[in-house]
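These are the residues of each chain, in order.
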Amino acid sequence: DQQVKQNSPSLSVQEGRISILNCDYTNSMFDYFLWYKKYPAEGPTFLISISSIKDKNEDGRFTVFLNKSAKHLSLHIVPSQPGDSAVYFCAATSSGTYKYIFGTGTRLKVLA
Amino acid sequence: EPEVTQTPSHQVTQMGQEVILRCVPISNHLYFYWYRQILGQKVEFLVSFYNNEISEKSEIFDDQFSVERPDGSNFTLKIRSTKLEDSAMYFCASSPGTGGWYEQYFGPGTRLTVT
Chain A
4 DQQVKQNSPS
14 LSVQEGRISI
24 LNCDYTNSMF
34 DYFLWYKKYP
44 AEGPTFLISI
54 SSIKDKNEDG
64 RFTVFLNKSA
74 KHLSLHIVPS
84 QPGDSAVYFC
94 AATSSGTYKY
104 IFGTGTRLKV
114 LA
Chain B
5 EPEVTQTPSH
15 QVTQMGQEVI
25 LRCVPISNHL
35 YFYWYRQILG
45 QKVEFLVSFY
55 NNEISEKSEI
65 FDDQFSVERP
75 DGSNFTLKIR
85 STKLEDSAMY
95 FCASSPGTGG
105 WYEQYFGPGT
115 RLTVT
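So the sequences go chain by chain: A and B. Sequential numbering from 4 applies to the first sequence in our numbering. Sequential numbering from 5 applies to the second sequence in our numbering.
These are calculated hints, taken from the structure and not from any lab test. Incorrect hints may appear among the rest.
To be verified - Which residues of chain A face chain B? A partial, calculated answer using Cβ under 10 angstroms:
| id | residue |
| --- | --- |
| 1 | Gln9 |
| 2 | Tyr35 |
| 3 | Pro47 |
| 4 | Phe49 |
| 5 | Phe65 |
| 6 | Pro82 |
| 7 | Ser88 |
| 8 | Tyr101 |
| 9 | Lys102 |
| 10 | Gly106 |
Said to hold, decoys possible - Derived SDA-like pairs: lysine to any residue, alpha-carbon spacing no greater than 20 angstroms straight-line:
| id | chain 1 | residue 1 | chain 2 | residue 2 |
| --- | --- | --- | --- | --- |
| 11 | B | Lys46 | A | Val81 |
| 12 | A | Lys41 | B | Lys46 |
| 13 | A | Lys102 | B | Val118 |
| 14 | A | Lys41 | B | Gly44 |
What the hints assert, rightly or not - Here are the in silico distance ranges between beta carbons for each label pair:
| id | chain 1 | residue 1 | chain 2 | residue 2 | range |
| --- | --- | --- | --- | --- | --- |
| 15 | B | Ser70 | A | Ala115 | 42 to 52 angstroms |
| 16 | A | Gln5 | B | Ser70 | 23 to 33 angstroms |
| 17 | B | Glu22 | A | Gly19 | 36 to 46 angstroms |
| 18 | B | Glu107 | A | Gln84 | 18 to 28 angstroms |
| 19 | B | Gln45 | A | Gly99 | 25 to 35 angstroms |
| 20 | A | Thr29 | B | Glu57 | 40 to 50 angstroms |
| 21 | A | Gly86 | B | Ser13 | 18 to 28 angstroms |
| 22 | A | Ser31 | B | Asn78 | 14 to 24 angstroms |
| 23 | B | Pro74 | A | Gly63 | 34 to 44 angstroms |
| 24 | A | His75 | B | Gln45 | 15 to 25 angstroms |
| 25 | A | Ser13 | B | Lys82 | 33 to 43 angstroms |
| 26 | A | Ser31 | B | Glu63 | 29 to 39 angstroms |
Only a predicted model underlies this, so the values are computations on that prediction, with no experimental measurement involved. Glycine included, every Cβ here is placed at the ideal spot set by N, Cα and C.
One chain only, chain A, in its complex shape (with noise of 0.2 angstroms):
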């Protein structure tokens, strides 16, 4: 049961440019909502976070999106950075529980 999705498992972007990735889930309790990134061999670093509250949620380069009527958020890097290549997860809980469901996970490269 995939309560959290990550639809493309990778996607290349140039230097510069704006990455989004998108993540969807389908448990309506959820109602917060973070961002991991991932380098190989070590533990997921947290980016950015949206309670259900809000829509948009920006620090720095990093914008979340989050549409609950369609049950999908998306971060948005801008300017993507060959630094930012990694696996992005998204992950979900609800308030009042310890539970996170994390997605599959996009690998970014970000091309210089």
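Since chain A is already given, all that's left is putting chain B on it; use the hints.
Below, chain B alone, put in the same frame as chain A:
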């Protein structure tokens, strides 16, 4: 900058043996978690722990698994009788409990290989 640490970085064990994976969460964090990632697959939630008890656990976290916070700093995951399919990266994470309590900070992981 505070970080979550995990030991060992790589553990090799024989099927049927017990293993204990160790984690030191960030010192003022209150919530602790274990996840695993089988090679090439997604990060899977195993268990969350708060106030010295399990808060949530997944279907994966069966009777073969247990967690403990034996002192004020360590957080351990024990697998009693390992199976081949337990081979994976195991990640520990912690989160603050106040403010951005949803934000989890992960350790570098322990690679468990069961032969």
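Hints and how they fare:
About 9 angstroms separates the beta-carbon of Gln9/A from the nearest beta-carbon of chain B, less than 10 angstroms, and the hint is met. With a cut of 10 angstroms, the hint placing Tyr35/A at the interface with chain B holds, because the nearest CB-to-CB distance is about 5 angstroms. Given the 10 angstroms rule on beta carbons, the hint for Pro47/A holds: about 5 angstroms separates it from the nearest Cβ of chain B. Taken as an interface hint, Phe49/A checks out: its beta carbon lies about 5 angstroms from the nearest beta carbon of chain B, inside 10 angstroms.
A cut of 10 angstroms between beta carbons decides the hint on Phe65/A: the least distance to chain B is about 14 angstroms, and the hint is violated. Taking 10 angstroms as the C-beta contact cut-off toward chain B, the hint placing Pro82/A at the interface is violated, the least distance being around 25 angstroms. Interface restraint check for Ser88/A: the shortest CB-CB distance to chain B comes to about 18 angstroms, outside 10 angstroms, so the restraint is violated. Using the Cβ-Cβ criterion of 10 angstroms, the hint placing Tyr101/A at the interface with chain B is satisfied: the shortest such distance is roughly 4 angstroms.
With a cut of 10 angstroms, the hint placing Lys102/A at the interface with chain B holds, because the nearest CB-to-CB distance is about 4 angstroms. Evaluation of the Gly106/A hint against chain B yields a held restraint, the C-beta minimum of about 7 angstroms falling below 10 angstroms. At most 20 angstroms may separate the alpha-carbon atoms for a hinted pair to count; Lys46/B and Val81/A exceed this at roughly 26 angstroms. Between Lys41/A and Lys46/B the CA atoms are separated by roughly 11 angstroms; this keeps the pair inside 20 angstroms, and the hint holds.
Restraint check for Lys102/A and Val118/B: the C-alpha separation of about 27 angstroms exceeds 20 angstroms, so the hint is violated. Note on Lys41/A and Gly44/B: the hinted pairing holds, with a Cα-Cα distance of about 13 angstroms set against a maximum of 20 angstroms. In this structure the supplied range 42 to 52 angstroms holds for Ser70/B paired with Ala115/A, their Cβ-Cβ distance being about 47 angstroms. Against the hinted window of 23 to 33 angstroms, the Cβ-Cβ separation of Gln5/A and Ser70/B comes to about 28 angstroms, which satisfies the hint.
For Glu22/B and Gly19/A, the Cβ-Cβ distance of about 52 angstroms falls outside the hinted range of 36 to 46 angstroms, so the restraint is violated. Taking the beta carbon of each, Glu107/B and Gln84/A are about 23 angstroms apart, inside 18 to 28 angstroms as hinted. Our hint of 25 to 35 angstroms for Gln45/B and Gly99/A holds, since their Cβ atoms are close to 28 angstroms apart. In this structure the supplied range 40 to 50 angstroms is violated for Thr29/A paired with Glu57/B, their Cβ-Cβ distance being about 29 angstroms.
Taken as a hint, the range 18 to 28 angstroms holds for the pair Gly86/A and Ser13/B, whose Cβ atoms sit roughly 24 angstroms apart. At about 38 angstroms, the CB distance of Ser31/A to Asn78/B disagrees with the hint of 14 to 24 angstroms. Judged by the Cβ atoms, the range 34 to 44 angstroms given for Pro74/B and Gly63/A holds: they are separated by roughly 39 angstroms. The hinted range of 15 to 25 angstroms is satisfied by His75/A and Gln45/B, whose Cβ atoms lie roughly 23 angstroms apart.
Distance hint check: the CB atoms of Ser13/A and Lys82/B are about 36 angstroms apart, consistent with the given range 33 to 43 angstroms. The hint said 29 to 39 angstroms for the Cβ distance between Ser31/A and Glu63/B, and at roughly 21 angstroms that hint is violated.
Going down the numbered hints, you'll see the structure goes against 5, 6, 7, 11, 13, 17, 20, 22, 26, while the others check out.
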